[in-house]
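Chemist: Here is what each chain is made of, one letter per residue.
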Amino acid sequence: MAKRTLPRLLQAPAVLLLLLWMLIPLSMTLYFSFIRYVLNSLRKPEWTTPSLSNWRGLGNYEYVLFNAKDFWFAVQNSVFIVTSILLLTVALGLAIALLVNRSFPGRGIVRVLIISPFFVMPAVNAVLWINMILDPVLGLNGLAVEGLNGLVAGLREFPLLGGFFSLWPEIEPISFRATQTSAYAVIMMVTWQWTPFAVLIFMTSLQSEDQQQKEAAILDGANAWSQFRNLTLPHLARPIAIVLMIQAIFHLSLYAEIEIVSRGNGNKNLPYLIGDFATNNIGAASATGIFAVILANIVAIFLIRMVGKSLMD
Amino acid sequence: MAGLTIRDARKAYGETQVIHGIDLDIADGDFVVFVGPSGCGKSTLLRMIAGLEEVTSGDISIGDRVVNDVAPADRGVAMVFQTYALYPHMTVYKNMAFGLIQAKTPKDEIDRRVREAAKILDIENYLERTPRALSGGQRQRVAIGRAIVREPDVFLFDEPLSNLDAALRGQTRLEIARLHQRLKTTIVYVTHDQVEAMTLADKIVVLRDGLIEQYGAPMELYENPANKFVAEFIGSPSMNFFEASQEKGGFSIGGKKVSVKLSQEVNAIDIGIRPEHLKQTTKQKAVLSGTLDVVEQLGDHVLAHLVTGQGNEFIAKFETLGDIKLGDTLHFDATKENIHFFDKTSGARLV
Ligand SMILES: Nc1ncnc2c1ncn2[C@@H]1O[C@H](COP(=O)(O)OP(=O)(O)OP(=O)(O)O)[C@@H](O)[C@H]1O
Ligand SMILES: [Mg+2]
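Here the protein sequences come in this chain order: A and B. For the first sequence, my numbering assigns the number 1 to the initial residue and increments by one for each residue that follows. For the second sequence, my numbering assigns the number 1 to the initial residue and increments by one for each residue that follows.
If we strip away everything but chain A, and leave its shape as in the complex, we get (with noise of 0.2 angstroms):
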């Protein structure tokens, strides 16, 4: 028992601190949930400091579950936004990978360049993205149509082939500022960043992977899918686990790219809609939190056990 006093006093002020650093945001979170708080009230001025003499018990909580229209919205789009990421940066990353990791001139470079989206700002990229490539306009999005467009205007002049064509219509960029599909451009955008991050985690695991074992299978006649789907992907498991992980903490709280691509209009999720609610409603904003809190843990209970099963076989 004595052997653990000393590393225990050692570790106390760090654990402490932790603790306070966690605990005091949070109960202040749960105290503001549970009053009446408002930064401006013309009407009532004694709802703009925090007290206990505003109590409003569940009223809050009440109000986000079933007054507030973007709160459904909002967790739906949380998870429909972290879901789809997740998929997608997995498959690309996998496939990625798998392409990277043979041997091909330019190897080293070509590495080095599928790991650059990783380093650029989430602010930056979500700018450029909606600015250069998914502007119906300028982008490459409006280009792409406007040339595709051209293309078959120029094939509706030819005599026989142009009356085929000119039943086809004119085809219309598509917003991605607008209500359904500026998840979209979210999706895209954070997939295009955080894929390298996929793709960097399975590479340094495909390089571990041992190539007798492969060998092995050659000769037992498997081929390359069935190489993949026993060997390669099993071997994966860790890394994919972890991937899953540490991508559905980080984007559960994506801001930057939705106040870049449409302020909030038709795609919001949590985060977003706390921030709505802090700019005079604390009361509302606290209580969307404590949701929050709910659902990044239900997500990391269900990432946990899954990563624990990866890391036990």
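Any given hint could turn out to be false.
[Claimed, not checked] Using 20 angstroms as the maximum straight-line C-alpha spacing, the simulated DMTMM-like pairs for lysine to aspartate or glutamate come out as follows:
#	chain 1	residue 1	chain 2	residue 2
1	A	Lys214	B	Glu159
2	A	Lys309	B	Glu53
3	A	Lys214	B	Asp74
4	A	Lys214	B	Glu54
5	B	Lys94	A	Glu215
FYI, nobody ran anything at the bench for these hints, they're computed from the structure.
Once you have looked at the hints, place chain B with the ligands on chain A.
Modeler: Same frame as chain A, now just chain B with the ligands:
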């Protein structure tokens, strides 16, 4: 079941030539062992037979089919790797069944073959474990089992015992010998260990720098080595070599003249005598004398390291040392058929 024929096989990695033209005929059912120093191309040759390395030129045939362009899985070979190369995420059962599943073998046939192999190798109790939960020896047996269930024409082993400790190595060696007696399948086996080579092989291939130095039965290589390299490589401890000076009608290595009539005229020769063939004798009869330098007690026998008057070190093998002390001068003789002569420049054996 089938034999194996290799015709002028060569292998180069870019500019570096590794296998320089190998011709080899392996009879159906033979146990053939490749030995040679590290880097001589044993594994490369084995992998060429397996199809894991392309043949740069030449032909490899299994049975009477040239397999140069046949996929590894369709050659009728099964390989046991030095690192076992078991599939870590599958059970022992699945590891052994994997090749058969790929070949779309019926389920009950797979089950029959796996259980039979498991019975032969005494791993029936581990079928549901993963390789991680097995000891080195058990993993080795699973790797052998994986080869057996495919019922190949030729088994290929690449140093299968080198990751095992000495006791287990001896035991597994015996099991492999038994397995061969039972299955009577052609086996090609690569090893560093010349005890393995001598005990297991029907025939030994001694390789050096991508070329065959000699191919023959173990005792043939031991008694009639084709050259100095083979003589030195086969036998433990190695053969002793002495620089010999030419005399009228024979040669001398510092003691009595050895009268011999060689078929060829040569200028300089080396004389080789194995440690176990040196017999102690009197000074008058001695071919060779040396001062005792170091003694190695090995229980059932003693290795005496000696130095001749000319400074040539050599080893003699005794049952017991008796009352001989360090620094004593000992005299040795050997029967004629146990004295080997080698051309000093080419290394070829002279008779
Ligand atoms: N991929 C490769 N590229 C170039 N050279 C190679 C390659 N693989 C093997 N070699 C060379 O071929 C030679 C033979 O190698 P090999 O592995 O067959 O030796 P070995 O006899 O099995 O040796 P060991 O007993 O140490 O296993 C070595 O000199 C090695 O450097
Ligand atoms: Mg080798």
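Chemist: Indicate, hint by hint, whether the structure satisfies it.
Modeler: Here is how each hint holds up against the structure:
{"no.": "1", "hint": "A:Lys214 with B:Glu159", "verdict": "holds (18 angstroms)"}
{"no.": "2", "hint": "A:Lys309 with B:Glu53", "verdict": "violated (38 angstroms)"}
{"no.": "3", "hint": "A:Lys214 with B:Asp74", "verdict": "holds (16 angstroms)"}
{"no.": "4", "hint": "A:Lys214 with B:Glu54", "verdict": "holds (16 angstroms)"}
{"no.": "5", "hint": "B:Lys94 with A:Glu215", "verdict": "holds (17 angstroms)"}
In this structure, the one hint that does not hold is number 2.
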